[in-house]
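Engineer: Going down the list, the sequences are from chains G and R.
Counted from 1, the first sequence has number 45 at position 45 by my numbering; the numbering is strictly sequential.
Counted from 1, the second sequence has number 50 at position 50 by my numbering; the numbering is strictly sequential.
There may be inaccurate statements among the hints.
Derived DSS-like pairs (lysine-lysine); straight-line CA-CA distance at most 25 Å [unchecked claim]:
id, chain 1, residue 1, chain 2, residue 2
1, G, 41, R, 3
2, R, 96, G, 66
3, R, 96, G, 55
4, R, 69, R, 3
5, R, 69, G, 64
6, G, 20, G, 64
7, R, 69, R, 108
8, R, 54, G, 41
Source of the hints: derived by calculation from the structure; they are not laboratory data.
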Amino acid sequence: GAVVSQHPSWVICKSGTSVKIECRSLDFQATTMFWYRQFPKQSLMLMATSNEGSKATYEQGVEKDKFLINHASLTLSTLTVTSAHPEDSSFYICSARDTAYQYGYTFGSGTRLTVV
Amino acid sequence: LAKTTQPISMDSYEGQEVNITCSHNNIATNDYITWYQQFPSQGPRFIIQGYKTKVTNEVASLFIPADRKSSTLSLPRVSLSDTAVYYCLVGDPAGKSTFGDGTTLTVKP
Numbered sequence: 001g002a003v004v005s006q007h008p009s010w011v012i013c014k015s016g017t018s019v020k021i022e023c024r025s026l027d028f029q030a031t032t033m034f035w036y037r038q039f040p041k042q043s044l045m046l047m048a049t050s051n052e053g054s055k056a057t058y059e060q061g062v063e064k065d066k067f068l069i070n071h072a073s074l075t076l077s078t079l080t081v082t083s084a085h086p087e088d089s090s091f092y093i094c095s096a097r098d099t100a101y102q103y104g105y106t107f108g109s110g111t112r113l114t115v116v
Numbered sequence: 001l002a003k004t005t006q007p008i009s010m011d012s013y014e015g016q017e018v019n020i021t022c023s024h025n026n027i028a029t030n031d032y033i034t035w036y037q038q039f040p041s042q043g044p045r046f047i048i049q050g051y052k053t054k055v056t057n058e059v060a061s062l063f064i065p066a067d068r069k070s071s072t073l074s075l076p077r078v079s080l081s082d083t084a085v086y087y088c089l090v091g092d093p094a095g096k097s098t099f100g101d102g103t104t105l106t107v108k109p
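Chain R on its own, in the form it takes in the complex:
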C-alpha cells in the first residue's frame, strides 16, 4: 500500500476555498486516490475518488497530475461545519484501506 503524506493541520476562514495536497510517490498503476472526512466520534465519510486528471462532485474536486504522485482535494467556499480531519488514501478500491495521519482542517468565522 502506497504511503501518503499530508499536512498535519490547516486553518481557513468561512467562504474561502481550501486545497489540501497529498503526496503519494509510490502509487501503483492500479491504485485509486480516495478522500474521506471524519468528525470527532464518528466514522469516516467518503468525499471523492479519482484515478487521474480531475474529478468533481457536489461537495469537492480532486485534482491529480499526470504523474499521479500527488493529489489535491479542493473544498469550495468552506463553512464552519467543514472543520474535520481529512484523510487521503491510495490503493485498490476493492482492497483494504490504510489511513495516514490525515489533515485537521479548522475553519474560522
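Isolated chain G (complex conformation):
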C-alpha cells in the first residue's frame, strides 16, 4: 500500500529559529499533499494544500509567510515553520493520495514540534 514518510518525528527548537519538516511519498507520486496541525485533545486542522510545481494554497487564518511550503518534486513536500514561537508547538501531519490506490488519503506519522 501507499506509504508516506514524515521526518523528523519530533523536534525541539529555540524561539526565533526555523524548522523544516519533510513529507515524502515513498512508492507513489503525489501532485498534491496536505498539511495539518493538531493540538492536544483536538482534531486535525487543515493548514494548506501543497501543489507540485506551484504555490501552496493556504486555509483562512494560516500565515503563509510563517508556514512556508515547498513542493518541488512529485514525492516531496516540505513545511518550514519560520521564526518559531512556543505557540507554534503542535503535532504537524502531512497526507497524500495515491491515485492508483483509489481509496482515501495516506497520512504521515506526524512531527511533534516543541518550541522552547
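Guided by the hints, dock chain R onto chain G, whose structure is given.
Structural biologist: Below, chain R alone, put in the same frame as chain G:
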C-alpha cells in the same frame, strides 16, 4: 465541504460490536464517506470508504442509507487495541479532507 456530526465519545467492552454513527445532512451528490482511525501521536489511518449501501473490508463495515445523510461505521468484536479516535469525513475523494471532532472510542477489558 459537508459538515459532520459524531458522538464525542463511546465506551465498549472487548469482544463487542461497536457502531459509530455520523450525520452529514448536507452531503453532496459527488461526495464519498471515509472513516479514519487515529492513535495518540500518530497520523490517521484509513479504515473504509463508501458512497452508498454497504461496504465491508477486513476490519470494518460501513452502512449508508439511501438518503446518504448519515453513515455508520461498524467494528466487529473490538479489542483493547481498537481504543482510538475515529473520524468521519465527507467529500470528494480527490479533494482536501476536513476533519470534524471525531469519536473517542474506549474499549474496556
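Engineer: Does the structure break any of the earlier hints, and which numbers would those be?
Structural biologist: Going through the list in order, the structure violates hints 5, 7 and 8 and respects the others.
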